[in-house]
Each structure stands twice: as C-alpha cells, then as structure tokens.
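Those protein sequences? They're chains A and B, same order as listed.
According to this note's numbering, the first sequence holds residues 1 to 280 in order.
According to this note's numbering, the second sequence holds residues 281 to 390 in order.
Just so you know, these hints were derived from the structure itself, not from any lab.
Among the hints, a few may not be true.
To be verified - Reference excerpt, derived from the structure (chain B facing chain A, CB under 8 Å, subset only):
no., residue
1, Ser302
2, Thr312
3, Gln336
4, Glu338
5, Phe341
We put the CB at the ideal spot given by N, CA and C, even for glycine.
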Amino acid sequence: MWRGRCRRLLLGCAPRPAPGVPKGTGGGRGYAPPAERKRFYQNVSISQGEGGFEINLDHRKLKTPQAKLFTVPSEALAIAVATEWDSQKDTIKFYTMHLTTLCNTALDNPTQRSKGQLIRAAVKFLETDTVCYRVEEPAALAELQKNEWDPIVAWAEKRYNVAIGSSTSIMGPNIPASTRDTFSSHLASYNMWALQGIEYVITQLKSLILSMGLIDRHITVEKAVLLSRLEEEYQIQRWGKVEWAHDYDLCELCARAAAGTLFVHLCSESSTVKHKLLQD
Amino acid sequence: MAALGSPLRTLRGLLRELRLASGPPGRPYRDTAAYRHLLAAFRAHRVTSEKLCRAQQELHFQAATYLCLLRSVRHLAALHREYHGRGERSPEEVAGLVGFRLPQQPGGKG
Chain A
1 MWRGRCRRLL
11 LGCAPRPAPG
21 VPKGTGGGRG
31 YAPPAERKRF
41 YQNVSISQGE
51 GGFEINLDHR
61 KLKTPQAKLF
71 TVPSEALAIA
81 VATEWDSQKD
91 TIKFYTMHLT
101 TLCNTALDNP
111 TQRSKGQLIR
121 AAVKFLETDT
131 VCYRVEEPAA
141 LAELQKNEWD
151 PIVAWAEKRY
161 NVAIGSSTSI
171 MGPNIPASTR
181 DTFSSHLASY
191 NMWALQGIEY
201 VITQLKSLIL
211 SMGLIDRHIT
221 VEKAVLLSRL
231 EEEYQIQRWG
241 KVEWAHDYDL
251 CELCARAAAG
261 TLFVHLCSES
271 STVKHKLLQD
Chain B
281 MAALGSPLRT
291 LRGLLRELRL
301 ASGPPGRPYR
311 DTAAYRHLLA
321 AFRAHRVTSE
331 KLCRAQQELH
341 FQAATYLCLL
351 RSVRHLAALH
361 REYHGRGERS
371 PEEVAGLVGF
381 RLPQQPGGKG
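Could you put together the complete structure from these sequences and hints?
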C-alpha cells in the first residue's frame, strides 16, 4: 500500500523508474523481496507551519499517503520523525519507520473511526486481556503467570480503583460494567492522536492493562513486552530459541510498543517549563 | 514508577544509537536536530539536588522509550538483512539452516 503511493509523498517530485529488483539468492527462482525505493533526498529538516511542525526533504514537504501535508503537533515528535527519515541509508525502509507510520495513521485516519469507536475498541480488549487469561498446567507456567502478572493487575486495580480479576476458563474473567466505564472515561481524556497511539499499543501488546502501565509510566517498554510474551518466553526457556523467529518477533514488538508509547506521550503532553527564580 | 537506572547511561545509549543510525557519511551526527534536542532536553532537566523531580522522571522515561525504539529498530534491521531480506533460499541453504546436507550423487547426476 505504501510503496505504490510513496511517489505521491512529495510535491512536484517527478516519477522515476523503480530501482532494479535485487536478484534473490535462489538462483533466479522463486520469490524475491520487493524493491525498496532509493533514498532520493539528501537533507532532512523540520520547519514550523500553521498546523504544527512539518518535515522537509530537500526543501520539498513530506506528505501522507492520502496526499495531505504531513504536520505533527509537537517539535520533539517532528525531530524523531525527521531522524527516522535521515537514518535511512541507501533505500527507504518503511517497515522500520514506526513513528512516521503512526503519524500518517493519525493524519489520514484511513479506517475513518471516531473517538468513541476508538475508545470502544480499546476497552473491548479488556475482555480478552492477555494478563487476565491464566493456565492451570503446566504448574511452572501457572506459577510464573501468577508471580509476574498478579502485581500488574493489582496495580491497575489500585490505580483506577476498579475490579479486574483473572480467570482460567475459556470465557475469561467477568469484568464488571463499572470497570469498563472507568476505563472509557479515562481514555476519553486523551486527544485523538494519543488515542490512535494507545489503540496501537494495545493491539501490539494484546493487553489494555499492560498498555495503561506503559502510558502511565509504571513499567518500562522492555518489561511490558516481556510480560506480554510471558508464555513464549517460558517455552523458549524450555525448548530453545530460534533467532530468526523469536528474536525477530521480540525486536519488532519492542520497536512497535516503544514507538506507540513515545507517540502517545509526545502527543498528549503539554510541556510547561517552570524555571526557578534566580537570586541576584 | 519504572526502574530506569541512571539518566546519564540512557543519554549515552541514545547518542550511541544516533551515531549508528546517522545517514550518509560525511555529515557528523552532532549536526543533527535530534542530537541538539536531546542534549538541550537533558540539560534543561538536570537537577542538582537529590529531590524527586517529576518532570525529570517523565523525560527520562521518554528517553528510555526512545532508546528502546532505536535499539530495537537497529536489531530488527540486522535480523531482517540476515534472514528475511533476500527472498527465497535455495534447497541447499534451507537444508543447512536446520543442520542437514543434501545427498551427493557420486559421478554427477544422471
């Protein structure tokens, strides 16, 4: 979806032929990875426009896939996005540019969802929250889940003053309606950009509770990812690790969760700097 | 509050990632907006007393999150290059991945 449209990213950017497809190592047979677009710009800079901060690639303005002007509300976010574009080496690897992707989603809103729909989708995750589903056997894993997941559930219950609980049945825990209402009204206090980020983090970690722990800065990204992948980590301990599958997934999840969390924090903060009064 | 370690350690890690991620050669990473922004932010939130400073904690959490993002993206790109970036493998390579070798036919095929 991205690649077809990236030509439209830039104003007045003349179409050019796609770079040659690199030949697969399979002796010309089978699937070769799709060609990536060359890095067609030299300098990346940011500038302040009317709607916020914009990204310039060699004095041409960056646009979203739907050809809207790419503007972000915070300077730190613009710098982070510019760094993503600047750190592309020879070809542009869109799959490594999570913050750019999140900004594009927030700007274009391709699924056309309203704030209410986003909140409902986020709260619905509570019914199937990873940390609420427990196993009964093997006993070692059940104990691991109890030791690792109970503290974070207890934290969420205390922080939001709700009842969550956990369950070993396939039906999941019985979440009272008041809990859902509390989370709904809490999420409603975030703006649209931050909500897009929160929903992204929730769908990555498969857990509303872990995501709120991240957004509230209660746990680090590494910890949240570890808790989200607890069963996988247990199986890895037992059966061994495969770098191209387990490590790949881990890095991907870490990158996505970190990008989403950073995105939420940068979009929802109202930075006020209070200087101490200097005595002469 | 999450345990984050020393802010200086986080800053060092971030600068290292920026150096590794810097784009075309010839332009030092110290010229980038990210470098200047990070240093300015860390300097602005440096406190001399040992009192708990909420703003500093928030900044540190953000910095640690950004560090995690940059590090994971770099590792992922390396893994992708190594295992996924070259399309389909030949039968010999696939066999080698799981420690097998294809049988050799003495005297060539046929």
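Evaluation of the provided hints:
1. Ser302: Given a least distance of 7 Å, the restraint on Ser302 (chain B) holds.
2. Thr312: holds, 7 Å
3. Gln336: violated, 12 Å
4. Glu338: holds, 7 Å
5. Phe341: holds, 5 Å
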